[in-house]
Amino acid sequence: MHTPMVETTTGRSSPMTLTGYQRRAAWHLKLLLAPSVLLLGTFVIYPAFYSIYLSLTNEALSGPAALNPRFVGTRNYVRLFSDGGFWNSLLVTFWFVLGSAIIGQFILGLVSAVLLRRPLRFRPLINAIILMPNAVPEVVAGFMWVGMLAGGEHATLNKIVAWFGIPSQNWLVTFPLTMIIIVNTWRGIAFAMILLTSGISSISHELYEAARMDGATPRQIFFRLTLPLLMPTIFLYMLVSTVTTIALFGLVYALTRGGPGGATEIIGIYIFNQSFTAFQLGFGSAVAVVMLAISVVIGIGYVRLLKVQV
Amino acid sequence: MAAIELNGVQKSFGTVDVIKGVDIRIEDGEFAVFVGPSGCGKSTLLRLIAGLESINAGEFLLDGKSMNEVAPDKRGIAMVFQSYALYPHMTVAQNIGFSLDLKKVPKDEIRAEVEKVAEMLQLSELLDRRPAALSGGQRQRVAIGRAIIKKPSVILFDEPLSNLDASLRVQMRAELQRLHQELAATVVYVTHDQIEAMTMADRIVVLKDGEVAQSAAPIDLYKRPANTFVGTFIGSPRMNLLSASVRRSSDGSVEARADNGWVIVLPDGFSAFDGDRIKIGIRPEHLRLVALPAAISAKVSVVERLGVETYLTFNHPKGSIVARLEGDITVKVGEQVGLEVTENACHLFDSSGASIQSG
Chain A
1 MHTPMVETTT GRSSPMTLTG YQRRAAWHLK LLLAPSVLLL GTFVIYPAFY SIYLSLTNEA
61 LSGPAALNPR FVGTRNYVRL FSDGGFWNSL LVTFWFVLGS AIIGQFILGL VSAVLLRRPL
121 RFRPLINAII LMPNAVPEVV AGFMWVGMLA GGEHATLNKI VAWFGIPSQN WLVTFPLTMI
181 IIVNTWRGIA FAMILLTSGI SSISHELYEA ARMDGATPRQ IFFRLTLPLL MPTIFLYMLV
241 STVTTIALFG LVYALTRGGP GGATEIIGIY IFNQSFTAFQ LGFGSAVAVV MLAISVVIGI
301 GYVRLLKVQV
Chain B
1001 MAAIELNGVQ KSFGTVDVIK GVDIRIEDGE FAVFVGPSGC GKSTLLRLIA GLESINAGEF
1061 LLDGKSMNEV APDKRGIAMV FQSYALYPHM TVAQNIGFSL DLKKVPKDEI RAEVEKVAEM
1121 LQLSELLDRR PAALSGGQRQ RVAIGRAIIK KPSVILFDEP LSNLDASLRV QMRAELQRLH
1181 QELAATVVYV THDQIEAMTM ADRIVVLKDG EVAQSAAPID LYKRPANTFV GTFIGSPRMN
1241 LLSASVRRSS DGSVEARADN GWVIVLPDGF SAFDGDRIKI GIRPEHLRLV ALPAAISAKV
1301 SVVERLGVET YLTFNHPKGS IVARLEGDIT VKVGEQVGLE VTENACHLFD SSGASIQSG
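Line by line, the protein sequences are chains A and B. No gaps in the numbering here: position 208 of the first sequence is 208 in my numbering, and each next residue is one more. Take the position in the second sequence, starting the count at 1, then add 1000; the result is the number in my numbering.
Rather than coming from a laboratory, the hints here were simulated on the basis of the structure. Among the hints, a few may not be true.
In silico EDC-like pairs for lysine to aspartate or glutamate, Cα to Cα no more than 20 angstroms straight-line [claimed, not checked]: (1) Lys1318(B) <-> Asp1259(B); (2) Lys1103(B) <-> Glu209(A); (3) Lys1074(B) <-> Glu206(A); (4) Lys1150(B) <-> Glu209(A).
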């Protein structure tokens, strides 16, 4: 707003020069930021740039290239765009993100957030049930679901569907993509619910009362008041969940390792397989760089939308 | 026609009784103001009338029809909220027309109605703005517009001016009164500001601890407070209260001997016996300076000179007394002055605080 007038030694005030206090304050800020900057620099910025460098080489974990990596220019990228496996994994990732993060987690999270604001009888219990999946480590959750969805009569889901006369099957083989979407939805409802609950709580209670006085039905209140006012939160949720779901690895790897036949090979698993199963670090890095670019573009898109909405 | 009648209305939240049996009658077209200190239940009472809270016991009648079970939007009542509660994602026009839009009124009809209301409230230039781009006074007017477009028979205001600065408040007070005359609706207005209450109301309902302390025209509250609570609540600086004993002489004269040593001659016509303990209420403006020696004399403790008037405070262990004197009085702190109480200006209350004055 206004520049603080600073008393100088001559007694006159000057808005320009920094006082010792201001300099110390600036130093404090830098000092407090230093640990974060150091960590992010070491484990995010540096690896990101190193990946870009690697993607331009034929670096590998075995064979002649491992001993003597060469600069290959854009060859990895050219190969990438003509690689069927890459396009497949991009498509799988698209359906996975759309199905689990954008539709599944979001809709169930929103429904939970709206319902759990009302005085329900078993609210703490329902809350706990929704939050628990998020507390389980993803690999543990993955293996737990493997047991649920496995083939054979004794697998949990098969026992349940047997009551309805449905023959037992290996769910992760019959409906692989659907199953990983369901599992990831199950795991992510809590995050959506927490974020959306906080968004709903920030809407003034008086607005709802005003709407009631105006004669709005609960349905109208939801669609004309809650939902539009929740838009900034929804876009924030979409941003965070899209980017983290694109980068997901452990849960799906524990479930299917990308199989069968690449049906669940989301891009994180594709990168892992290319880099550490096929040992082509250079090519894997190129995929990672493309994925990073896609995430950044999506992120910028959401941020733009967010600004328009607020 | 929209006369409001509350009969034995009660409301409690859990174990807390907020409204403890309220009987009020507000005539059609009246501007009624609920006043009282924080927590007296005035806002709750308003919300009961609005239908935002349910009534636990008693009955709310609007034109003789029970409204207890009627939904808020079906009562023909509109409300202006303290925070205005404007929908932040809608324009001014959308805010004002929202209730019509919900009823699926055709768009061009809504537009026409909104423009009519906007013109009345000088909002025509602002119809396409969002609430965030409006000043406090403009938001206030949008909130009023949203209420009056429904053509309500009753408009409720919940401390509507409390978020405005002092000069805007004076202006809005006048505007609200003009609006009340134009709309001819019954208005119920909640405030803790007695000036708002005194200047705007046809009837003031003073509430205390969830009960009606007094319901009357403003000037009647000032002249004939029903109890010490109303006496001290209305008027600024507040009414002085002196504890005293009644002395009735054989010659028929009556005087009160106050605990601070003052002796005040009282006109008869109140119900108290010789020796009874009473409370005497004297408004600061009903004290004036007289030359010494005088029947009452006191030492000045504080002098507040406002130019147009002067407040003198006289401290005493049995209670301080404030005198409000016209003009700029140059009295020094510590000076002994003579005082006189305006004739017939004393308000008499029994020891429980209820008025014992007849008429």
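Okay, the hints, checked on the actual structure:
1. Lys1318(B) <-> Asp1259(B): Measuring from Cα to Cα gives roughly 6 angstroms; hence the hint holds.
2. Lys1103(B) <-> Glu209(A): holds, 17 angstroms
3. Lys1074(B) <-> Glu206(A): OK: Lys1074(B) and Glu206(A) at ~19 angstroms, within 20 angstroms.
4. Lys1150(B) <-> Glu209(A): holds, 16 angstroms
When each numbered hint is compared with the structure, no violation occurs for any of them.
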